[in-house]
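Novice: Same order as they appear, the protein sequences are chains S and Z. Using the working numbering, read the first sequence as starting at 1 and increasing by one per residue. Using the working numbering, read the second sequence as starting at 1001 and increasing by one per residue.
The set of hints was computed from the structure by calculation and includes no laboratory data. Check before you lean on any hint, since a few could be wrong.
[Unchecked claim] Heads up, simulated DSS-like pairs for lysine-lysine below, C-alpha to C-alpha not over 25 Å straight-line:
1. LYS3(S) <-> LYS1049(Z)
2. LYS1061(Z) <-> LYS1109(Z)
3. LYS1068(Z) <-> LYS53(S)
4. LYS3(S) <-> LYS1061(Z)
5. LYS55(S) <-> LYS1099(Z)
6. LYS57(S) <-> LYS1099(Z)
7. LYS70(S) <-> LYS55(S)
8. LYS18(S) <-> LYS57(S)
9. LYS71(S) <-> LYS3(S)
10. LYS70(S) <-> LYS53(S)
11. LYS1099(Z) <-> LYS1068(Z)
12. LYS1099(Z) <-> LYS71(S)
13. LYS18(S) <-> LYS53(S)
14. LYS71(S) <-> LYS57(S)
15. LYS1061(Z) <-> LYS70(S)
16. LYS55(S) <-> LYS71(S)
17. LYS53(S) <-> LYS71(S)
18. LYS18(S) <-> LYS71(S)
19. LYS70(S) <-> LYS3(S)
20. LYS1049(Z) <-> LYS1068(Z)
21. LYS55(S) <-> LYS3(S)
22. LYS3(S) <-> LYS1099(Z)
[To be verified] Counterexamples of contact, computed for chain S against chain Z with all Cβ distances above 10 Å:
23. ASP26
24. ASP28
25. ARG44
26. SER82
27. SER87
C-beta: ideal position from N, C-alpha, C; glycine also.
Now for the letters of each chain:
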Amino acid sequence: DVKVTQSSRYLVKRTGEKVFLECVQDMDHENMFWYRQDPGLGLRLIYFSYDVKMKEKGDIPEGYSVSREKKERFSLILESASTNQTSMYLCASSSQGTSGANVLTFGAGSRLTVL
Amino acid sequence: AQSVTQPDIHITVSEGASLELRCNYSYGATPYLFWYVQSPGQGLQLLLKYFSGDTLVQGIKGFEAEFKRSQSSFNLRKPSVHWSDAAEYFCAVGPGTYKYIFGTGTRLKVLA
């Protein structure tokens, strides 16, 4: 059935560690996204990618980078984790639908705690 | 500025009662509109979407939403709520390409 898989559901890291969050989709979607979800703030876009090796900054890219070497895989990287990056991270993918709009399909999320 | 407002942070209803979740948006052009549901510990699942045409759209799990351009609203409704509907609901608007704006969510509690 699915679709968008985030390999790590729960992670606990220490301040200063490098963190990789992996996302894989099996729907051959062109677009992939990383969101951050915090209570009371909804979802905020960190980065997105519309093609292999292409990436665009979202609304809150500071402290994050991404990598897309293959169409199905989109990685979020925290070069030096900080406590304010403790959050739920959601990966999503989409394609150009026939109706002209992209519908996002989400993974189950990765809850990161930085100590 | 573009924004989505979900004015109700929490809503509690009894099982079998009707439900309406509010969503208001501010957007320069005609938006694409979405409602997503998030069960505890899970990602977001699409309930329904509006692109054009009939302003009353039907979704999964018995939900529907009505687009009212004059009020800049896209409220979600369900005539009879089930205990399994307890979740968090997100309204989103977008241009149909990459950048979507999500509301802050409404958490629904269902009383038995």
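Novice: Which of the stated hints cannot be reconciled with the structure, identified by number in ascending sequence?
Specialist: 3, 15, 25
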